[in-house]
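Make a model of the complete structure from these sequences and hints.
Chains as they are written, first to last, in the working numbering: chain A, 222 to 637; chain B, 952 to 1251; chain C, 539 to 803.
The hints are simulated quantities; they were obtained by calculation from the structure and are not laboratory data.
Just to be clear, a hint being listed does not mean it is correct.
[As the list claims (entries may be wrong)] What follows is a list of derived Cβ distance ranges for each label pair: (1) B/I1028 - C/N693: 48 to 58 Å; (2) C/R607 - A/G296: 49 to 59 Å; (3) A/G456 - B/I1170: 53 to 63 Å; (4) B/L1010 - A/I230: 40 to 50 Å; (5) A/Q345 - B/I1170: 54 to 64 Å; (6) A/L262 - B/M1138: 52 to 62 Å; (7) A/I332 - B/F1076: 43 to 53 Å; (8) C/K599 - A/R288: 36 to 46 Å; (9) A/R264 - B/I1028: 53 to 63 Å; (10) B/I1170 - A/E263: 56 to 66 Å; (11) B/F1237 - C/D748: 19 to 29 Å; (12) A/I332 - B/T1073: 36 to 46 Å.
Where is the CB? At the ideal position from N, CA and C, for every residue including glycine.
Chain by chain, the residues run as shown.
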Amino acid sequence: MATQWKPLIEKITSELVKSLLVAAWFMFLTFPLMVIRVHPLERTIEWRWMNMIYVGVGSFFLSFIWRYLMERKDGGNSKEEGDTWQKRVGLRIRSDKRISLSGLIAIGIFIFIFPFIFSSYQTQIMITALMYVMLGLGLNIVVGLAGLLDLGYVAFYAVGAYCYALLNHHFGLSFWMALPLSGALAATFGILLGFPVLRLRGDYLAIVTLGFGEIIRLILENWNEFSFGPSGIAGISRPGFFGMELSLQEHTVYLYFIMIMLVVLTVLVVSRLRNSRIGRAWIALREDEVACQAMGIDKTKTKLTAFALGATWAGLVGCIFAAKTTFINPASFTFMESAMILSIVVLGGMGSIVGVILGAFVLILLPEYLRAFSEYRMLAFGAAMVIIMVFRPQGIITGIRQRYEFHRNTQKGKAR
Amino acid sequence: MDYFLELFLGGLTRGSIYALIALGYTMVYGIIELINFAHGEVYMIGAFTALIVASVLSLMGMSGFSLLILAGLIAVIYASAYGYTIEKVAYKPLRQAPRLSPLISAIGMSIFLQNYVLLSQTSDFLSFPALIEEFEFMEPVSHIMRSSELVIVLTTAVVTALLTLFIKFSRIGKAMRATAQDKTMAMLLGVNVNRVISVTFIIGSGLAAVGGVLISSHIGQINFYIGFIAGIKAFTAAVLGGIGSIPGAVLGGLVLGWTESFATGYVSSDYEDVFAFGLLVFILIFRPAGILGRTTSEKV
Amino acid sequence: MNKTQPALEVKGLTMDFGGLRALDHIDLEVRQGEIVALIGPNGAGKTTFFNCITGIYEPTKGDMIIHPRGKEPVRLNRLKPNIVTEHGLARTFQNIRLFQKMTVLENVMVARHCRTKSGIAGAIFRTPKTRKEEAEMVEFSYGLLEKVGLAQYVNELAHELPYGAQRRLEIARAMATEPFLLLLDEPAAGMNPKETNELDKLITKLQVEDKLAILLIEHDMKLVMSISNRIYVMDYGSMIAQGTPHEIAENPNVIKAYLGEAFDA
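Structure (structure tokens):
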């Protein structure tokens, strides 16, 4: 009897010891920063011993979960199961017209009545979330499909925003005139910046785009004659509605519907691109650059189209951002903004449209509605990026590839 | 002439700090080909640890040279522990993953650590005690060079020399070089690659902490964000010199330091960071292998 | 088609890596519709040779010329890999380089890229022209998959395929670029005898039905001897012999080079 239980008891003890060691290690590691708090001016020191206990208990339990997930990942079975489950549901929704149609109608009705049943404040938040959906989908073209890690995406967002703000300030150009211009200008910037840097290897590309992003922000901050420096540009016009005067609330509802329209447009465009000749070239490039070239695909041109298209979307959203807040300054375009958009794409699932939409809602709405959480938002984003990469690199939702059906005698392929 | 000399020495000081941080980037990159984004954060954590320890010790009545050494030592130990832990948590599980995965994980780790310090300490600037006192013999030249600058330059020189000797002659140093050349081959020859990687992170982080303590004491204030900018600049230095090369990191650091110093001194001080980032972009586009680096081609 | 016309001419090809000479004045010729094997011990420089011809490496010296059927000859030096492919030279890789996360059919469709032209606007608006091109692409690719015997896998992801099937998918993918000259880098590596036998038939079929010229690197001597019209032998970056399978089997230099290492054929 005793011998039967021995391995189990040994296993439990060893696991406990492991977790205790991890807990002790993290208590040591976080000791100076989490426990001691120096107030240099008053020359006093605050000792926060409770934090040490939190860290100890927290890491003790988390280390079990970590090891469990690690084992599961190495085993690989359960992950595959989860994926096929997701794949089945995805395929079923796609194949069954009734489910997808009724689902779409329900979502459509909800979207339509949203601004009328919720407050103006809620609608504002929803507009922000939708803006990040668009930004996420745009960056998804670059990172998720083409596999180019762009850490300076916010630069194109800034280009779009300043394009509208300056044109409006100097020449009184309307939102609807400026929207396509912002997109086009951002695309031009994308091509100009992309041309020299896109032949660089993945990790160097990441750093160069990060550098470009910072350069653009610093120029906006310092070139006062051009961009009005850190004080920014105020009094930007909201979108016009056939020359009618709108109240602030009406403006919010109007902007909400503009955003819904643009998001629908974005989803349509991205999903069509994804299963097109260009889209397949992007994915092939992401999967294997050498093989992709050997199959006759022009590497530079393909990368450039992805880069420019991604930039276009950032430019469009930038223009909307300027119109929504009516005030912009360089502080809105820091690296943290790029990092946030990137974490939306990573969390949602690189290459997956549904995933990115879900990721944007989770990352933008959660901190808004859980106020207590908002302080910890960037902390959680950072942790989520590491955890997702370690345990589920494909993100919440795995991108499903297009399937084709063949009938042997006719050999005709039908996409579905 | 004095102005030129002042800029030259200022550049030398900055460059030394960049070099200290760049060494960590270059060593890690040499071994696992990863841009360790969180490295700048380790530097920042080193500076914070030193600040906290120094404050506690000075309230206990300690001062002077022994305070500097003790605070610095504890900062180095802690930074190394952080570096070690970061590698184990965020990079080790991703050894076999596609190239982008560890890079994204590194960015996540960097954001996490910044906010960890922001939340556990403060978002404001904290004033850092001047741990390095003014030496008497420096008085005649104090208008162009401060004592802390002398300490920074000398420390960097000594540390780099020690590191070079360590990598050249110690057992683990040789194992590091072997791993950098060919990981699989090193493994076959009985090198414990995991241990080599851990040691690389520990040493690199320790060096960053040395830089953190010195520069904080020199400038006199720190906040949670200093690691980000310093990190990118040090990475620039590493690339500038040729990533993977230790003398290259030092050379790159100095070149970057001088570029910044002279550009802000003679051109415009508003665009200090633009010069650094501009140099980074320029170098990556026109000579990605750096000054001392060699070009590598992918195996097909 | 005239079987004496050249398809690929390589003259004095030399490749240095730093101080190391990987290829030393290599001469090689493949004629139209001919199957030529390139053999030699590991590290002899065979894959380097392929990488030079396909534009992945830039050789130090030498000339590489292809003669597409019914077109002017093309000098390959300094051409980018995708341009080389456009001129009708396609290849497979020794260490399978499929697009893992794409379906089998998509892998082949990607390779139609340089023979199709619909752009971004076409993709966004799904113009009739784009739809027609897309349908043709699907049909063409499916036909190729049937030819290499992978029709039942169309919607599987490439990395889910068995090993032998992945090698055949590489061939189908290369064929989708409509080459007149196909380079196969160890197509039989890791295959069992049954799979190798099928591969033998497939390569012969490509030669007969598609009138392809084929240059292959291979270690499986049985396969090499049975399908090649001619054989080249490399060792230490130099060409040490060439001739018919029969001549090569008797060549003392070749035997010596191969006895240096384990001869597994």
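The hints, checked one at a time:
no. : hint                         : verdict
1   : B/I1028 - C/N693: 48 to 58 Å : holds, 56 Å
2   : C/R607 - A/G296: 49 to 59 Å  : holds, 53 Å
3   : A/G456 - B/I1170: 53 to 63 Å : violated, 39 Å
4   : B/L1010 - A/I230: 40 to 50 Å : holds, 48 Å
5   : A/Q345 - B/I1170: 54 to 64 Å : violated, 41 Å
6   : A/L262 - B/M1138: 52 to 62 Å : holds, 54 Å
7   : A/I332 - B/F1076: 43 to 53 Å : holds, 46 Å
8   : C/K599 - A/R288: 36 to 46 Å  : violated, 57 Å
9   : A/R264 - B/I1028: 53 to 63 Å : violated, 25 Å
10  : B/I1170 - A/E263: 56 to 66 Å : violated, 22 Å
11  : B/F1237 - C/D748: 19 to 29 Å : violated, 45 Å
12  : A/I332 - B/T1073: 36 to 46 Å : holds, 42 Å
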